[in-house]
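*Asks:* Model the full structure from these sequences, guided by the hints.
Residues per chain are reported as follows:
2 protein chains.
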Amino acid sequence: MSATPDSAVRAYIEEHRSAFLEDLAEWLRIPSVSADPDRAADVRRSAEWLAAKLAETGFPVTEIWETPGAPAVYAEWPSGDEGAPTVLVYGHHDVQPAALEDGWATEPFEPVIKDGRLHARGAADDKGQVFFHTLGVRAHLAATGRTAPAVNLKLLIEGEEESGSPNFPALVHARADRLACDAVIVSDTGMWSEDTPTVCTGMRGLADCQIDLYGPDQDIHSGSFGGAVPNPATEAARLAAALHDADRRVAIPGFYDGVIELTDRERELFAELPFDEAAWLRTAHSYATLGEEGHTTLERIWARPTAEVNGISGGYQGPGGKTIIPSAAQLKLSFRLVAGMDTEKVQQAVRDWVAARLPAGIRHEITFWGATRPCLTPLDHPALQSVVRAMSRAFGQKIRFTREGGSGPAADLQDALGAPVLFLGISVPSDGWHAPNEKVELDLLTKGVETAAYLWGDLAENGRSTQ
Amino acid sequence: MSATPDSAVRAYIEEHRSAFLEDLAEWLRIPSVSADPDRAADVRRSAEWLAAKLAETGFPVTEIWETPGAPAVYAEWPSGDEGAPTVLVYGHHDVQPAALEDGWATEPFEPVIKDGRLHARGAADDKGQVFFHTLGVRAHLAATGRTAPAVNLKLLIEGEEESGSPNFPALVHARADRLACDAVIVSDTGMWSEDTPTVCTGMRGLADCQIDLYGPDQDIHSGSFGGAVPNPATEAARLAAALHDADRRVAIPGFYDGVIELTDRERELFAELPFDEAAWLRTAHSYATLGEEGHTTLERIWARPTAEVNGISGGYQGPGGKTIIPSAAQLKLSFRLVAGMDTEKVQQAVRDWVAARLPAGIRHEITFWGATRPCLTPLDHPALQSVVRAMSRAFGQKIRFTREGGSGPAADLQDALGAPVLFLGISVPSDGWHAPNEKVELDLLTKGVETAAYLWGDLAENGRSTQ
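Residue numbers (the working numbering), protein chains in the order written: chain A, 1 to 467; chain B, 1 to 467.
If you're looking for bench data, these hints aren't it; they were derived computationally from the structure.
Keep in mind the model is a prediction, meaning the values are calculated, not measured.
Where is the CB? At the ideal position from N, CA and C, for every residue including glycine.
Take these hints with a grain of salt, some might be off.
[Unchecked claim] Reference excerpt, derived from the structure (chain B facing chain A, CB under 7 Å, subset only):
{"#": "1", "residue": "Ser163"}
{"#": "2", "residue": "Pro166"}
{"#": "3", "residue": "Ala170"}
{"#": "4", "residue": "Asp217"}
{"#": "5", "residue": "Phe225"}
{"#": "6", "residue": "Asp245"}
{"#": "7", "residue": "Ala246"}
{"#": "8", "residue": "Arg249"}
{"#": "9", "residue": "Ser286"}
{"#": "10", "residue": "Gly314"}
{"#": "11", "residue": "Lys322"}
{"#": "12", "residue": "Ser407"}
{"#": "13", "residue": "His434"}
[Claimed, not checked] Facing chain B, a subset of chain A residues (Cβ under 8 Å, in silico):
{"#": "14", "residue": "Gly58"}
{"#": "15", "residue": "Thr62"}
{"#": "16", "residue": "Gly103"}
{"#": "17", "residue": "Arg204"}
{"#": "18", "residue": "Gly226"}
{"#": "19", "residue": "Arg238"}
{"#": "20", "residue": "Leu290"}
{"#": "21", "residue": "Gly311"}
{"#": "22", "residue": "Ile312"}
{"#": "23", "residue": "Gln317"}
{"#": "24", "residue": "Thr323"}
{"#": "25", "residue": "Arg336"}
{"#": "26", "residue": "Pro378"}
{"#": "27", "residue": "Pro382"}
{"#": "28", "residue": "Gln385"}
[Said to hold, decoys possible] Stretch by stretch, here's where chain A covers chain B in the computed footprint (C-beta under 8 Å, at least three residues):
{"#": "29", "region": "46-56"}
{"#": "30", "region": "142-155"}
{"#": "31", "region": "202-212"}
{"#": "32", "region": "230-236"}
{"#": "33", "region": "384-396"}
*Replies:* Structure follows, in structure tokens:
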């Protein structure tokens, strides 16, 4: 398999595991919520903490990269080997909003280890998965006796992923020379389950927006005026309801333009996975499946575009009733996109659709928070095979293939850097991304460290073929 | 016209106007919001304040009537004349919620007089219109030299009208003996405008409810699960959107059962009113009309049943985006009903419709806050003619006929007491019922006092024919 004895890697990881977890907990205590302007200082503190930690790990170059929004962290560790391939690891240091009253059993920014799990906002998405690379590269060095990695290792850890990475494409294009690489490793995805390790081959894209609807200049009496003037809450509901047709296909004209349909082989690979609908529903905390007609649940979440209502509000929300026509209403929508879709065209299709559907007397504003492109890596790509081999050594199992329903700026990296994008993630569906009580499985986190420790050697041997 | 010289009534009112307004302001300072459980003590304080003030006015009997909810105030002042008709005045002492941040120019529970208007929550709906009867009956006595009214005068001022009067029907049925009367005068309505005084001949009914929808047990990631499980915010929107068909008719099966359609004569009378759509839209703070096809705006607000979304909520409502499928969503709906509709049947139709429309995986609860029946008085009713004459003397103008789009428990009184229900209101559409900056026009409030002062003599002369 490799010149590196795997036992040396495992011993090194075991020795340094406690200190690694203590460091991770320290990082998780920083509430780096990029969506909340009040947390901007915390997002910056998170970036500075990581840069310092990467320097301590041994990266000779660590930098804070400013953007018009939150700062990213860049680090570089040249191999020293002539002709070594260059690999760029991508992740993010910002997290989703979280508050105890949302249903957390413990404070979301006070990490707790219990029953082999580390609970905290960001434990899986994405601080835990970024952080396994720190111990991973140290284990790689320790086990091989090297003083620098077998590849030229670069890290780019952004600070606005949970806000749709609005400044990331511009950052990547502006810094394309520094970021130049032979392959991108994205550590911001999950795998099938604890028992079925998988490599992800693509992510959905994302376009999300807020639509504000304005009707009367103030709330008005539903008796005196009801039935005779437009109601912005009703119109918000009519928009949200019109997102889907009776077959739960997205009903926005032009939405499906360019969608790359699944091949029969891909549908077969999906169908071979040990999908247990009841178990999956438990991880979804849901009581039934519902989605686009003609597709399985896995196809719906991995390979089909969607429209979801993330938030809707308007009018009275206090106790009891209040017989008003509200002055305003708001929709927060997100669209997941699949390979072949164009984010700008989707945004324009949504804008046109909203404008065409609202009656006279309702004004509207629509704000897109940014867009993330979808991406997809061919199943037979040589660098993908390196990831599969490294995982296989860490997990001691056959590695299968999945896709990721969530979104990351992987496609921006692929486009700007002209490099293939590979996914290395150890999170499982029950980790509760974006939900209360997010956690990461400590055993899997360790397997992530181990995979990272094997990967650089394998890519150095096989990486030239990835270009 | 009458034995009472109108100038004596006017002089008495002029003399006591300042003290009357000071008293009213004191009452308006009590935030008697019946929908808010935290305001229960204030609603009680409002009842006690009114009972004391009615005793001071001269009513020999004043009582607080308890209900399972908020207390009502009852007062009685026997005429002493043998064979005098008995009249029951109905109003309410509770008010809609109000907070400065809703858009009030001044504190809603700190009355301010400015430019001939009294601004406060409850100024028009309904404390001002209840209160004109106190000075009205004193002016009636002063001008006629009587020591008791020409009619047996009863007042019933409830405390839960803004919460749909859930306990009012039971209270009226339980106390029907005490409330027995020849006519009910409801002072909780408006008139056409400052320039066009009108008598209202009917009110719409009301059934309002809250529908809670539950999907996943917690918010879940819209990337990991989006497109494959039901979203309660989407389902809330689909329900709200399905309330109306393409012609903006209410689409709930059975909703229109029993509706008494307008006669040609009634449509003509509506059409004769000086309706200025642009001016009406200004009072509605709205920018366009929209409603049931085939009906004018006046028909829509007075004589057609409606469904309105009073509130909708679900999912993330903070700054920026949050890519979740929310765990729950909520709708607050109100239905205005017209004569011929049965409130219980409407509630059942709504329950059946909701249950039939939700997909598997969405649980729901529906809570009706209570229901108010619609009512309608024939245009040629003799007691209605007394009201028209009294108003005509106060306003010095021809009195026209309207209906009221809002709702009150008038029909419960009509049914329980077997007495005709008449409407005496001086509020105008710009008064801002249920809205920020509610006010009452002081000149019209004075005309209300004057009308009340004339009405008891007229009804004593003509009231026997009302039975």
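*Asks:* Determine for every hint whether it applies to the structure shown.
*Replies:* Going through the hints against the structure:
1. Ser163: 6 Å, holds
2. Pro166: 10 Å, violated
3. Ala170: Because about 19 Å separates Ala170 of chain B from the closest Cβ in chain A, which is outside the 7 Å limit, the hint is violated.
4. Asp217: OK, holds: Asp217 of chain B within 7 Å of chain A, min 4 Å.
5. Phe225: Since the shortest Cβ distance to chain A is 5 Å, the answer is holds.
6. Asp245: Result: violated, 11 Å to nearest chain A Cβ.
7. Ala246: 11 Å, violated
8. Arg249: With a closest approach of 10 Å, the Arg249 of chain B hint is violated.
9. Ser286: Holds: closest Cβ of chain A sits about 4 Å from Ser286 of chain B, inside 7 Å.
10. Gly314: 5 Å, holds
11. Lys322: 6 Å, holds
12. Ser407: 6 Å, holds
13. His434: 4 Å, holds
14. Gly58: Given a least distance of 34 Å, the restraint on Gly58 of chain A is violated.
15. Thr62: 28 Å, violated
16. Gly103: 5 Å, holds
17. Arg204: 6 Å, holds
18. Gly226: Constraint on Gly226 of chain A satisfied, holds at 5 Å.
19. Arg238: At 4 Å from the nearest chain B Cβ, Arg238 of chain A passes the 8 Å test, so the hint holds.
20. Leu290: 4 Å, holds
21. Gly311: 4 Å, holds
22. Ile312: 5 Å, holds
23. Gln317: Hint on Gln317 of chain A: holds, closest Cβ of chain B at ~5 Å, below 8 Å.
24. Thr323: 5 Å, holds
25. Arg336: 5 Å, holds
26. Pro378: This interface hint is violated because 22 Å lies over the 8 Å limit.
27. Pro382: 28 Å, violated
28. Gln385: Violated - the Cβ of Gln385 of chain A stays beyond 8 Å from chain B, reaching only about 26 Å at its closest.
29. 46-56: n = 0 at 8 Å, threshold three: violated.
30. 142-155: Contact hint for the region 142-155 of chain B vs chain A: violated, 0 residues under 8 Å.
31. 202-212: holds (count 5)
32. 230-236: It holds: at least three residues are needed, and the region 230-236 of chain B offers 5 whose Cβ sits within less than 8 Å of chain A.
33. 384-396: Three-residue rule not met by the region 384-396 of chain B, so violated; n is 0.
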